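Colleague: Residue numbers for the sequence shown follow full-length UniProt numbering, beginning at 1 and rising by one.
Hints were generated in silico from the structure; no laboratory data involved.
Note that the coordinates shown come from a computational prediction; the quantities given were computed from them, not determined experimentally.
Beta carbons: idealized from backbone N, C-alpha and C, even for Gly.
Warning: the hint list may mix true and false statements.
Label pairs and their computed distance ranges (CB to CB) [stated by the list, open to error]:
| id | residue 1 | residue 2 | range |
| --- | --- | --- | --- |
| 1 | V105 | I190 | 13 to 21 Å |
| 2 | T132 | S157 | 33 to 41 Å |
| 3 | A120 | T66 | 34 to 42 Å |
| 4 | T89 | S157 | 15 to 23 Å |
| 5 | A120 | Q166 | 51 to 59 Å |
| 6 | G155 | I115 | 45 to 53 Å |
| 7 | I112 | D158 | 31 to 39 Å |
| 8 | V108 | L162 | 42 to 50 Å |
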Amino acid sequence: MEKTEATTIEISESSRERKGKAPLLAAAVAHDRAASGYKRGVAIFDLILRISAATAALAATITMGTTEQTLPFFTQFFQFQASYDDLPTFTFFVIAMAIVTGYLVLSVPFSIVCIVRPVAAGPRLLLILCDTLTVTLATSAAGASAAIVYLAHNGNSDANWLAICQQFNDFCQRTSGAVVAAFVAAVLLIFLVVLSAVALKRR
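Using the sequences and the accompanying hints, generate a full structural model.
Modeller: Dropping the structure here:
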């Protein structure tokens, strides 16, 4: 009789333990699903921002790379011409923004992987490292070119640099537009870095 009672008590205690663990497992599963849904939403937003940044960087590259203006004076044999490759800063701008555009296009598949597998930390960590480097490149190109555009618009009387935008109006407008597009791409890249950091933090 004593053995039977002991067996009965052990069975009842094990059933109680299982019943106590069931709500904990359900809560853990629900938490994992919520975190996965949150990270998937962040990854979708990341993809949208990445495509937008690639579009802005491509627009900046094409606009600057096709910028030139010729002013005829007296005869067609005597002309003044302004082109982006006359200035090393603008040449660096075109190369840098082309690299930024290429990287953003190549990073789109990794962003899609983050949507399919939102819990995976490897692709997200790779993106945040590369995005940080790309932000530096885009910001340096845009900042250096913005200084040249400012001088083209306003000149510098102390250095006897004349403003050329009164004559080369189209040239200045296109270079200014390219610089603005580059800054837009840089800002979007900063948002991408922040998003990746937030997604990695919520693990």
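Colleague: Is it true that the C-beta distance of V105 to I190 lies inside 13 to 21 Å, as the hint says?
Modeller: Given range 13 to 21 Å: holds, Cβ gap about 19 Å.
Colleague: Hint says 45 to 53 Å; check whether the CB-CB distance for G155 and I115 agrees.
Modeller: Since the Cβ atoms of G155 and I115 sit about 50 Å apart, the hinted range of 45 to 53 Å holds.
Colleague: Holds or violated: the 33 to 41 Å window for the beta-carbon distance between T132 and S157?
Modeller: Given about 39 Å between the Cβ atoms, the range holds.
Colleague: Between the beta carbons of V108 and L162, is the distance compatible with 42 to 50 Å?
Modeller: holds (44 Å)
Colleague: Taking 34 to 42 Å as the stated bounds, is the beta-carbon spacing between A120 and T66 within them?
Modeller: Holds - the Cβ-Cβ distance for A120 and T66, about 40 Å, lies within 34 to 42 Å.
Colleague: How does the Cβ-Cβ distance of I112 and D158 compare with 31 to 39 Å: does it lie in that range?
Modeller: violated (53 Å)
Colleague: Is the hinted range of 15 to 23 Å satisfied by the C-beta distance from T89 to S157?
Modeller: holds (21 Å)
Colleague: Go ahead and decide if the range 51 to 59 Å is satisfied by the Cβ distance of A120 to Q166.
Modeller: With a Cβ separation near 56 Å, A120 and Q166 satisfy 51 to 59 Å, so the hint holds.
Hint compliance for this structure: hint 7 alone is broken.
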